[in-house]
Amino acid sequence: MSLIVAGRIVPLTNDRKVAQSENASFQGRVWIGDDGRIAAVTRGAGVAATVAHSVRSAEFDNAPVVDVGNDLVVPGFIDLHSHLAYATLPLWIEPNRTVPFQHHDIWPTRPTYAESITWPAYAFIEAAPAELLAYAEIRALVGGTTSIQGSPPSNRPLDGWLVRNIEDETLDGEIGRHQVLASTLTLKPEQLGERAISMRQGATFIYHCAEGRPGSIVQREYRAAHTAGCLQRRLVAIHTNAIDPASYNTWSDPGAIVWSPFSNLWLYGTTTDVPSALAREISLCIGSDWGPSGTRNVLGELKVASLISEAKGWGLSPFDLVKMITANPGDVLAEAWQRQAGRLQPGALGDVVVIASPTEGASRSDPFKTILRATETDVRLVIVNGKPLYGTEQLMQQASSVQTSRISVNGETRRLALTRFVGNDEAWSYKDVLKRLEEVRNDPQAAIESARRLAFAAIRTGAPAPLRLALDMPTGRVPVGGLPKDLSKIIVPPIQPLVHDEAFFASIPGRGFHEGLLDGLGEFYG
Amino acid sequence: MDNQHAASLLQAQTGQLLSDFLLGESPHDEQRGREREREKGKGRRPDFRIPRARVLDGGERLQIIDTLIAVIGGVYCHLPQKRAAYALDPVQALQLLRAQVAALSEGEFHLALTSIISGLRDAHTRYSGPGAKQGAVAALPFLVEQYGPYDAPTFVVSKVSAPELIKDARFKSGVILESWNSIPFARAVDLHADRETGGRPDARRARALESLTFRALECGPPPDEMAVNIVYRASPRGTLRETRIPWRVVQPERAQTNHQPGSRASRYIAADPAAEAVRRTKKLMFSGEVWEADRGGVAIARDEKWVKWIRTRFQDALAVRIVKNSSPGELGYLRIWSFDVEDDDAFIAEIMRLLDILPDSGLILDLRGNPGGLIWAAERLLQLFTPNPIKPARFSLLASPMTRAMASSPFNRMEFEAWLPSLEAAIATGEPYSQSLPLTDPAWCNDIGQKYSGPVVCVVDPNTYSSGDLFVAGFADNEIGLVVCVGEATGAGGANVWTHFDLREALRSTSFELNALPPDVGYTLAIRRALRSGAADGLPIEDLGVPGIAYEMTLDDLLHENRDLIAFCAGLLSGIPQTAMKVQIEERTMSIATRGLDELETYMNGRPFEAVRGISDGTLQLPRPDAEIVEFVGRRNGEICQRRRLVLNAG
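Protein chains in written order, with the UniProt record's numbering: chain A, 1 to 526; chain B, 1 to 651.
By construction, these hints were calculated from the structure, which means they are not laboratory data. Mixed in with the good hints there might be a few duds.
Unchecked claim - Computed list of lysine-lysine pairs in DSBU-like fashion (alpha-carbon distance at most 30 angstroms, straight line):
#1 Lys369(A) - Lys387(A)
#2 Lys489(A) - Lys451(B)
#3 Lys485(A) - Lys582(B)
#4 Lys485(A) - Lys17(A)
#5 Lys391(B) - Lys582(B)
#6 Lys485(A) - Lys451(B)
Bound-form chain B, shown alone:
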C-alpha cells in the first residue's frame, strides 16, 4: 500500500471521536460543506464527520410508533413465538409509549423505543433512528474474543488496529482483559448482554462481546461512555495495567458486491444489519488493505504473518487458503464471512472456482460471525458439497388481516400469491401461520450439483446468523457433514427480513397502507419465518439455532489463525471415509477419475447411458456422448457418494 492509500486508510480508521460526534459542532453548516466539496475536488478523501441527529417532534414520534404498532402487530412473523418465549407484548408496550410520547425527551424516546424492539431478542428486527447515524459504527480500535470454558472464559485482545489509535504501546494483541470501566470484564459482558438481541444466553453473550467494542449506530443507541478504561495484563501473571481508549465513529461503507437496496435480491435477505455493519467495520479496522480493495473492486490476496490467502474478487465475503495438517495432509479452509451479495450466481461461481484449487481431502467451511445475507446464496451453495438433492428451508407468514391484504393485492401476486390460499384458509383453520414454502426454489438449490469431492465440516458460533443459520440448518438437515459449534448453537435468526420501504411498497393500495416515516428513520422486520427441513422438518430456527459438536476456543486459536480449531476439524475429517470423483470433458472423450468408489452410473439427458459399471480407483475413458447433460453417479457399498452433472452443449 502506498503512502497516500495508507494515509487515506488511517483517516477512515480514525473517523471521528464519539464525543465530537455526539456533542461537537455539527458539520451541517455551509462553510464545512464548501470545505468538503473543495477537498473532494482535490482528490482527497471527504470528511468523515457525520451530521448530527435531528430532533423528532411529537407528531413524527407518533408516526413512528403507529407504524411499528401496525407492522409488529400485523406482519411480524415471530410475534407469537416472542410472546411465548419472553412473556412480552411489544404491541401493548408501544401503545403505552404512544401515550407518553410527547412528555419524553429525545433521548428517552429513542431509548424506550429501542428497548421495546430489542426486547424481542431478534437481530432482524431493528429500529433505526434519525439520519445522522445511518451507516455509522462506534468502534474501539481492538477486537476482544474469548477462549476457554463458557462458565470461566478468558477475554483477550485478539487484534488491534492502527497503532496511531492506541496511545498505550503495551496494549496489543494477546493482552488479557481484566476489567472494563472498573467492572470485572466477564460481568461487564453479562451486563451488556442484557441489552443485546439473541434468544439464548450464549447468543446474547456472543453479541455482547462483539458490541462491547463495536456498535452499529443505525440499529441501536451509542455507547454510554465516550471512552473506556481498561485494566489488562500482558500475560496471565503479568502486571495489571490501565489504559483509556476513546470510542470513535467510523463509516465502514458497503462492499461493491453487497446487495443493492431495491434490487430483486433485496426481498430475499436474511441478515442482521447491525452485525453486517460491524463485520464491515472489523474489516476496516483490522484488514484495512482488504477493505480498501473492496471499495475499488480489486481482487487481492492478503498475505498475513502465518498464512497465505488465495486471491478472490469476493474478498468481502470469502477468504480461502490451504491449511497443512498432519493427519489428512492438506485441507481446504473456506471462510464465508457473509452472504451479503447481490449476485448469488457470481458468488457461487467464484466458490466453485476456489473449490477447484483446494485439495479434495477435506474442507473446513468456517461461518463463524457470518451475519447472513442473500438467502439464495446460502441455500444454493449447499449443493456443491453433496451428491444428494438439497431440500431448502421453508418460510411462512403470520396469518393476519394485514398479511392477507398484502398477499391478495394484485401488485403482490408474483411475490405472495403462493401463500394466499393458506392465509385465507387460516381464518377457518385458526392456524397462526400460512403454509410454509421455500424462498429458494428446490430446482434452484439443485441446478449445479456436487462440485467438491471430499468430506466437509462446518464451523459456526452464536454469531452465525440468519442466512448463516439457514446454511448451517441446510448443511445439517441435508446430512452434508458435521457441524462444529463454538458455543451452544448458531445465532438463531430464522427469517426473511424486509425494510420499511419494502413493506410500504407491498402494502400500497391495501387498506393497511403505511405512511412515510420521518426522514431517515427506518426499521427492519422479520417477515417470513424460516422452518427447517429433513429430520428437523418444521422446527423453527428463530431462538433455537442449529447446534453442533461443541468446541472451546483456545488462546492459540485467537492469536494464531484458529490453529487448534483447524486441528480439531482435521481430526473429524480424517475419520470420514473419503471418496473422490473428477470428470474432464475432451472433444471426443470424457475421463472420469475416481477414488474409493465401486460402482459408476452414467446418465445422458437424465436417462441411463449404460449398465451400472463396477469400478476401482483410477481413470476411466468414455466416448463423449451427443447429449446436453451428462451425469455420473459414484457409489460405495451402494451408497451414493459422488455425483457430477455437466452441461455439454449449453444453448
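Just chain A, same shape as in the assembly:
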C-alpha cells in the first residue's frame, strides 16, 4: 500500500534534487510506493503537490495522506547496537564494586551476573521468545526506531515482522540472508579471517571490538581485527573504547564505529574517543546497547551522547548527533543492502518517523534540536517499509493502518499494528504480550519446563519447530548445563517500561561508574 506523509520534512539527504544540504528541512511530502520504497520527496504542502515521476503517479491516486502539519518527518532511527534478548532487564551493577571494570571479560565473571542477567533472559527466550521479541521491538518503535541490530540468534528468519532486524533483513527477498554478520563474542583469528573474506564479498560485519578502559588488554582485539584483514570499509566496530586513538590510523579505508556512551560510562567510566574517530573520517553511529547497561532506545542514547559531548567539549551539534542515528547508520546499511536507509530520498527505504514540533515557532526552530530533545511522547508515527506500525490514533487512522491495538505510552494512547509472530495477520496487543511475559516472570520454572516439553513434543511429532532464540551475550559463571539446579531460584526482575521513566532516571545517580555524567539524562525528559 502506498502512503504519503506531509509535514516538515527533515530528509538528511545527500540527493541534491531533494535538498541542497544535508541539514535542510522544508514543508513537503514523502511519497512511499507500494514497494515500500520512497518514490519521491517533494516540496510544498498543498494538495496540488504531486509526485514528480508521473509514471508512478497512478500508484498514489488512492494513497492515504497523513498530514502531520509542522511536525517533523524524519528518517526512521537506526540502532546499530542492541541486544534484544536482554531488553526487559533493568540496569545492573555488581554490588559493592567501587572501581570500574577493566574490560568486557570482567563483568560476566562477577557473582551476581548470571542470576541477574543470564538466567532471567534465558527464562524469556526459552519460554516466551515471540513475546520477548515483540516487547523489544515495540520498545524500539516507541522510540522511533525502524531498524535495530542485535537480534538474538534465531531458528527462523525474523525479517518482515515489526522493525527491521538488521542481521536478518532480506528486503522481501531482494537480498540474500547474512548480508550483515554480527558477533558479540570475541572471535578467533580464523573466524576473523573468514569475516574479512565475507566483507570483501559484500557483507557488512558488526563486531564488538576492544570494549573496555583505554589501554586494557582487550585493545588487542582491534589489532587482531587489523591482522585478520577486517579493518575494511564494511566493518562496523562497536565500542573500541579501549584502544589508543592513534590506532584508528591503521583503518585506512574506514568503516563505522558504534558509540554506546551510556553503557561505556556505566561499566568503564570512559567512552569511545569520538573526536579522534571523526578526525580519521570514521563514520560514527549511536547504539543503545542492552537493558543492564543501556538506554531504552536510541532516542534516549542520543541525549546521552549530547551530554557527553557537552561535558567533554567535543562540540557535536544536534545535526551531527541526529546523523548518528539516521544517515550515518543508513549509509552503513546501504553498503550491505544496496538500498539507502536513514535518509529520505528517492529509492531509499520507506522508513519514517514523525516527531512532534514545539507548538511555538515550529517553522523556525532547529529541527535537529527538536529531535535531540524529543522523548517517546513526541514520537507520533513510525512507518517501516511504507507500513504504519505505531502512532497516534489520528495519524494511524489517516494512514489507514489496519489490525491495530491500543497501547498506552506515557499516559497517551497510541495504536500499534502488531500481529502474531506465527500465523497470518491476527492482531496481537501489547497487553497480551506483557501478560505472557509476566506469566513467565511469575513462575519461570514452570514456564521453562513447559516450553521444553512443547519443543520436544514438536520434534517428536514432526511438527514445525517452534520459534527458538539464543542468548548472544556471555553467560557468566554458571554451572555446567548453564542453569541453577533449582529453576525456581531464577528470579526475573520486573519487566521494564517501554519508555525512559522516573524510576529509570532515579536508578542512575550514585550507581555505575559515570561519575555523575549521566545524572542529567532525566532533564531531557522534563
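Given the coordinates of chain A, assemble chain B onto it according to the supplied hints.
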C-alpha cells in the same frame, strides 16, 4: 486388592501371547479400535493387544542407517574405546549394510542392524525398531536367578507370577532349571550372552540370564521361539520334569515418578532403557500390587511373607525395611531399584525421611539390578552418607567436527558451552576427547550434607548399571563405605544417554542437522563419557565397572529375601567403628547427641562459632544461634566422622 483390581492386574500380566503378537491379527482394524473405545467407556482396562510392526521401505531403511552412521561416527562417546576393546568398526559395518539394504528382508534388516549396534556391547546405545514394539516386553512368568560359584552356578526359579499363567502346578519358586529348549541351562545362558550387551563376560551373562525370560522389544529382537521347553527338578536330587511355557508380551508402562521425555532431567539420564523396561516388567509380574500402586500414585507398604516394608511414595524406585541381625542388632536395608526419577530433590528428600526411620547402627544399600536413571539423583544422594565433600564423576564428549558444531551452536550454549574450548583445542592437541566436566555440579552434590550416621555397605552386581555405576563409583571413590559385589563388578555403563530427539534438537541449525526417522523408529546413544574421581581419577566406567568385595549368592538368598547376603553385609558393618550424631533444633536451644566422638566443632554461617570442644558420648545443649546455617563437625582421633549442616532461617 479387591476382585476388580486383581482381575485387572491379571489381565496386564497375561498380556498377549507372543505368537499372536507376531503372527496374529493386527488390532489396527477399525472394528477393534471401536471395541477398545467402548471398553474404555465402560471403565474397563483397554485391550493390551499391541499393533503389529509396520514394514520399512528401502528409503526409510537408508534414513535410519545414514542417521546411525552420522551419530555413531560423530558423537558416540565410546567409539575409540569400542574399536579398541572389540576390534570392530561399527561405522564401516553400517556402510556395508547400507550397500545391501534394499536386498534384505524386513527381518534380516533389523537383525543386521541390531547386531551391529549390540556389537558395541553398550546397553546405553540401542536401536529401537518401528512402532509396534514401543514399550512392549516379551516375558515369561517366572524369574531365573543363579547362585553358587561363577564357574559352576545353579539356576533356580526364584519367583513366579500369577498361577494362571503357568499350567504346571509343580513349576514354582525354588525349582532348579536343567535345560532350556533342550540345551543345558548354563550353555543356553552362555549362548544367549553372546547376543547381549556388556563389556565383561560376567556382565553379559548377568544380562543374558535376565533377558532369557524378559526381552524389551523396543531395544532388541523378539525371542526366536514362541514358547520355551524347560526341564527342571523340584530339588537337587528330585525327578526331572518337563514343562512348556509360552512367551507373552506385556506393557509394563512407566511409573508416575519416572523422568518425563523432554524434561530438563531427560538430558541428564544415564540408564539402560531395556533393563528399565524389564525392571518394570518384573514389578508387574512379581509385585503386581506395587505396580498397580505406581499407576495410581499411591504409596503402599508391601508386606511379604518374611518381611515388612516401610511405606514410601517412591515405591517404584525404593524399598526399605529394618533387618534384624545378631551381630550389630538392627540394620537398615535400602533397595534402590532405579534412579529413574523426574524430581531428584523429591527423591532425595524421601530417602532422607526413610533414613530417619532406620536404625543408625548400619545400612545396606542394595543397588543390584539398578539400571540407572537420573545422574543428579545418583550423585547427589552420595552426600547423605559421608561427612566429607563429594567429588562427582566427570563427563567428556568425543572431539569431532559434529560435537564441535553442536557445542558451538548458539542454541546449545547453556548445555555445551563449557565443553567448547577443549573441543576446539582438540584440533591442535589431537585429544580424542573434550575436557571432562561434571554433569552434577559439585555444589549440588554437597548442598545437603551427611544425614546418616552409621556405616554403610553398598551391594551391587553386573546389572547395576549406568547411574547405578555412577553411584557406586562415587561411593568407592569418595571412600564412603565398602562395596560388595555379586559378580566381578558393576555393569560398566559409563555415559550420559540421549535419544534421537535430543540429538536432533541439539544439531538443528548446524551443518550436521539430522533428518526425522521413520515413524516410531529411534535410538539411544551414549553421548558423554563418564570418568571416575578420587583415587580412580580419570578411569572410565564403561566396560570396566566398579569392583567390590566378592560375594556368591546362595539358595537362601534367592528364596528368603537375601538372608545370607544381609548376614554377610552385617558382618562387614560390625567390623567398622561406629560413631553417631543427631542434632535437634528447638526454639531457643540446639541439642547435639553424639556417640563415639571426642571433638566437636561448631560453625555458624561457615565460620567457627566456638573453640573446638572436647566431648564424650551424650547430649550437649547449646543456645540456638542467630544464624542461617549452623554446622557441626564431629571428630574421632582427629578424623572427621560426622557432619551435620542445618538451615535455620531459610529465606
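Please flag the earlier hints that this structure goes against, numbers listed from lowest up.
4
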